[in-house]
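There are 2 protein chains.
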Amino acid sequence: MVEKRKPIPVEEAISRVMKYKTIADKEVITIEESFGRFLAEDLIASHDVPAFNRSPYDGFAIRAEDTKEASANHPVRFEVVGEIGAGYVFEEEVMPFQAVRIMTGAQIPQGCDAVVMLELVKELEGQERPAILIKRLFKKGDNISYQGEDTEKGTVLVKKGTQINPGIVALLATFGYSKVSVAKRPVIGVIATGTELLNVDEPLAPGKIRNSNAYMIMAQIDRAGGQAKYYGKLNDDFEACLTATKQALSEVDMLITTGGVSVGDYDYVPVILKELGAEVLFNKVAMRPGSVTTVANLGEKMIYGLSGNPSACYVGFELFVRPVLRQALFNNFPHLRKTKATLGVDFTKPNPFMRLVRSRVDYVDGQLVASPSGVDKSGIVSSLGGADCLMLLPGGTRGYEKGMDIDILLLEDTQGSEWPWSNIVASYK
Amino acid sequence: MVEKRKPIPVEEAISRVMKYKTIADKEVITIEESFGRFLAEDLIASHDVPAFNRSPYDGFAIRAEDTKEASANHPVRFEVVGEIGAGYVFEEEVMPFQAVRIMTGAQIPQGCDAVVMLELVKELEGQERPAILIKRLFKKGDNISYQGEDTEKGTVLVKKGTQINPGIVALLATFGYSKVSVAKRPVIGVIATGTELLNVDEPLAPGKIRNSNAYMIMAQIDRAGGQAKYYGKLNDDFEACLTATKQALSEVDMLITTGGVSVGDYDYVPVILKELGAEVLFNKVAMRPGSVTTVANLGEKMIYGLSGNPSACYVGFELFVRPVLRQALFNNFPHLRKTKATLGVDFTKPNPFMRLVRSRVDYVDGQLVASPSGVDKSGIVSSLGGADCLMLLPGGTRGYEKGMDIDILLLEDTQGSEWPWSNIVASYK
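In order, the protein sequences belong to chains H and P. With full-length UniProt numbering, letter number 259 in the first sequence gets 259, and the count goes up by one each step, no holes. With full-length UniProt numbering, letter number 371 in the second sequence gets 371, and the count goes up by one each step, no holes.
Calculated from the structure, these hints are not laboratory results. One should not assume that every hint holds.
For identical chains, the list gives no copy identity; a pair is met inside one copy or between any two copies.
[What the hints assert, rightly or not] List of simulated lysine-lysine pairs, BS3-like, C-alpha gap at most 25 Å:
#1 Lys402 - Lys274
#2 Lys122 - Lys6
#3 Lys429 - Lys340
#4 Lys139 - Lys160
#5 Lys159 - Lys68
#6 Lys135 - Lys6
#7 Lys349 - Lys139
#8 Lys122 - Lys159
#9 Lys135 - Lys429
#10 Lys159 - Lys4
#11 Lys246 - Lys349
#12 Lys4 - Lys135
#13 Lys402 - Lys349
#14 Lys122 - Lys284
#15 Lys4 - Lys284
Because the structure is a prediction, the values reported are computed rather than measured.
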């Protein structure tokens with residue numbers, strides 16, 4: 001008997017998944033390990049920046065009022081009473097018509113309120129004590145970086161849940177965070193099923209294909225910020241699959257299986273979920289590829305039955321696993337970033353289900369243009385390599401034409417979207 | 001005495017750097033380690049895909065000609081002579097009006113040339129031998145994925161030098177690459193100089209700042225695909241700096257120092273380069289920030305004297321280090337990806353030098369719009385955290401207005417540009 005499944009819209013499927021929150025955990029790591037991780041706490045300025053009034057240039061610190069009368073014809077003479085390298089402090093008070101040689105970044109000495117760049121002074125030679133001439137007026141504050149002018153102590157610089165990029169690493173260092181509190185990477189179990197699967201290092205055999213989904217998903221988990229735990233590939237054997245699923249569930253934060261989700265005689269996922277007492281959120285989605293995707297929940301753990309078909313598996317991960325994973329990383333923009341783009345080719349054939357086409361974005365005069373990265377047939381892997389976005393072509397009775405406005409999801413973007421699934425349309429410009 | 005330096009245009013500076021090729025090396029790693037690395041060889045299809053004619057659906061394999069007379073009113077009866085799970089092969093020849101139950105992905109049995117989806121047949125019950133009814137015509141080839149229809153054996157699927165994404169991992173697995181030849185990650189030494197620098201875990205002190213550049217650069221190296229080796233921070237001491245530089249140069253593929261590149265009394269980079277006998281490609285670039293960037297070459301090694309100023313240091317890395325590093329990863333698009341965008345704010349103040357403004361890209365109705373990610377003052381780190389692109393505002397005597405077309409460089413893009421530096425302009429739409 002063929003089980004009848006009712007497909008639900010993609011938006012509805014994601015909504016159901018997002019009702020479940022996987023536990024988010026913290027851990028403390030060193031700043032050297034922090035690149036690419038997700039902040040578990042707001043990054044707060046622990047002091048003013050600059051922390052003191054400082055010189056942005058090499059030059060001479062002076063009292064601006066002493067240059068009142070200075071001009072090209074009437075240069076004013078300053079006695080150089082000291083020198084401050086960056087990192088040193090000039091301890092004395094600077095008096096009228098005195099100057100202190102100051103290096104980039106050094107603290108402005110007491111009494112001074114302007115810096116004259118090195119190129120703008122004439123150093124006098126053959127004097128008893130070093131001296132310079134200044135030929136123009138300087139105002140109070142000229143060439144001074146004031147304490148706190150960039151950032152005041154206590155400012156939230158980067159929000160919790162943000163992925164740490166090189167700029168954020170610089171901020172962590174500046175504010176003394178040699179240890180960083182980051183989200184623990186959720187552990188996601190991966191089980192591939194299918195008697196047709198060969199290991200990657202096995203030679204091809206009649207009727208068999210190599211297991212590519214497990215490796216692909218492990219890379220997707222890595223890209224999304226999680227940690228993959230591979231439980232190997234299993235034949236279509238109910239007892240073996242059930243045992244492996246139970247074992248994995250006891251060790252991971254979420255579990256992904258690929259294959260066995262269809263309505264064929266060897267598709268054991270539905271029975272296993274029943275046996276486990278998991279709540280099935282849906283087992284059919286109105287999308288191509290990936291319509292037979294199944295998602296279930298057992299206590300605090302999500303169980304994903306992704307299709308054995310590589311493209312469907314890929315899309316299923318990005319739509320349903322990624323946002324849950326990102327939420328567990330404290331991220332507030334857990335979905336793939338959705339944006340508008342111009343459709344680069346015709347899609348004449350209508351499809352009742354929403355299509356997610358693996359595509360590549362081009363930037364043409366500042367405009368995003370999306371075209372398929374390969375032949376879009378769901379059994380096909382070659383288009384996956386070049387894809388950096390997914391087109392969203394709403395289901396319906398008509399096709400789409402080159403030049404139309406469509407929605408796309410960016411696969412390699414670092415920012416993400418809060419809730420990208422409202423109002424997906426394609427329209428004429 | 002102030003040394004006179006002649007600034008050269010940014011494009012010219014990059015041209016000079018790109019004339020030097022750092023040695024690119026290969027290594028073999030496992031597929032599990034391959035995500036994010038760069039292919040050292042073209043990825044070639046080692047067999048046809050599909051490798052055999054297969055069924056994309058669960059259903060029954062039949063001979064299409066036997067359905068010639070089939071209709072709703074005159075269903076045709078087929079005897080079910082066997083069953084093929086995915087991964088199994090049906091050894092016998094299928095005869096007229098025989099059908100074989102076939103699972104998704106399984107090999108089409110000899111004699112069959114069409115698959116009827118499970119949902120479209122009526123299974124007859126209570127028969128001596130299993131049988132089905134088919135109620136419509138099927139054509140030869142219906143629901144068959146033909147051998148090689150996705151990809152023919154020998155096809156170059158992904159070019160050498162491409163960064164491995166999850167889709168490429170799937171391809172590697174499909175074609176049996178359990179070991180992958182990838183570019184060795186060049187080792188890049190990092191030395192921070194400046195007596196004003198504190199370690200990240202030291203408390204703030206008068207006149208001092210924490211060393212943020214070294215950590216930032218190490219993350220930039222990581223993002224670009226290299227491997228950082230940190231030689232610590234040094235005070236402005238000529239002998240110590242020279243010794244560390246020599247030591248580092250004997251151990252790394254390229255070397256980056258930060259600080260000490262200006263014309264101040266403690267700026268030892270020029271003297272050290274002279275002492276080493278390095279060829280200085282340039283020591284001043286007509287850009288803000290980062291005008292005092294110095295790049296030199298010694299044999300097969302590049303030596304970068306980046307500014308001690310965080311923003312200048314960041315930009316100097318992305319413009320001058322990244323492309324050389326990416327070339328050493330066999331990558332043909334080593335520069336940051338350049339594209340057009342709409343300027344999101346006014347920049348009224350003209351600057352004789354080209355400005356590179358740390359910015360954030362927004363997608364507004366499929367159009368890229370770039371706005372500064374923070375206050376753009378070169379001493380300021382807080383804007384680095386939110387930057388995902390650099391605006392290019394050509395030097396000149398006029399400012400720029402919101403809504404103009406400008407060029408930007410994408411920091412987080414995975415694709416890159418071949419030679420992004422021709423014809424940088426800003427114009428009214």
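These are the hints, each one checked on the structure:
{"no.": "1", "hint": "Lys402 - Lys274", "verdict": "neither (45 Å within a copy, 59 Å between copies)"}
{"no.": "2", "hint": "Lys122 - Lys6", "verdict": "between (85 Å within a copy, 20 Å between copies)"}
{"no.": "3", "hint": "Lys429 - Lys340", "verdict": "both (11 Å within a copy, 20 Å between copies)"}
{"no.": "4", "hint": "Lys139 - Lys160", "verdict": "neither (42 Å within a copy, 58 Å between copies)"}
{"no.": "5", "hint": "Lys159 - Lys68", "verdict": "neither (47 Å within a copy, 66 Å between copies)"}
{"no.": "6", "hint": "Lys135 - Lys6", "verdict": "between (84 Å within a copy, 24 Å between copies)"}
{"no.": "7", "hint": "Lys349 - Lys139", "verdict": "between (71 Å within a copy, 20 Å between copies)"}
{"no.": "8", "hint": "Lys122 - Lys159", "verdict": "neither (48 Å within a copy, 59 Å between copies)"}
{"no.": "9", "hint": "Lys135 - Lys429", "verdict": "neither (61 Å within a copy, 44 Å between copies)"}
{"no.": "10", "hint": "Lys159 - Lys4", "verdict": "neither (46 Å within a copy, 44 Å between copies)"}
{"no.": "11", "hint": "Lys246 - Lys349", "verdict": "neither (43 Å within a copy, 65 Å between copies)"}
{"no.": "12", "hint": "Lys4 - Lys135", "verdict": "between (89 Å within a copy, 20 Å between copies)"}
{"no.": "13", "hint": "Lys402 - Lys349", "verdict": "within (13 Å within a copy, 41 Å between copies)"}
{"no.": "14", "hint": "Lys122 - Lys284", "verdict": "between (80 Å within a copy, 22 Å between copies)"}
{"no.": "15", "hint": "Lys4 - Lys284", "verdict": "within (10 Å within a copy, 71 Å between copies)"}
Violated hints, in rising order: 1, 4, 5, 8, 9, 10, 11; the structure is consistent with all others.
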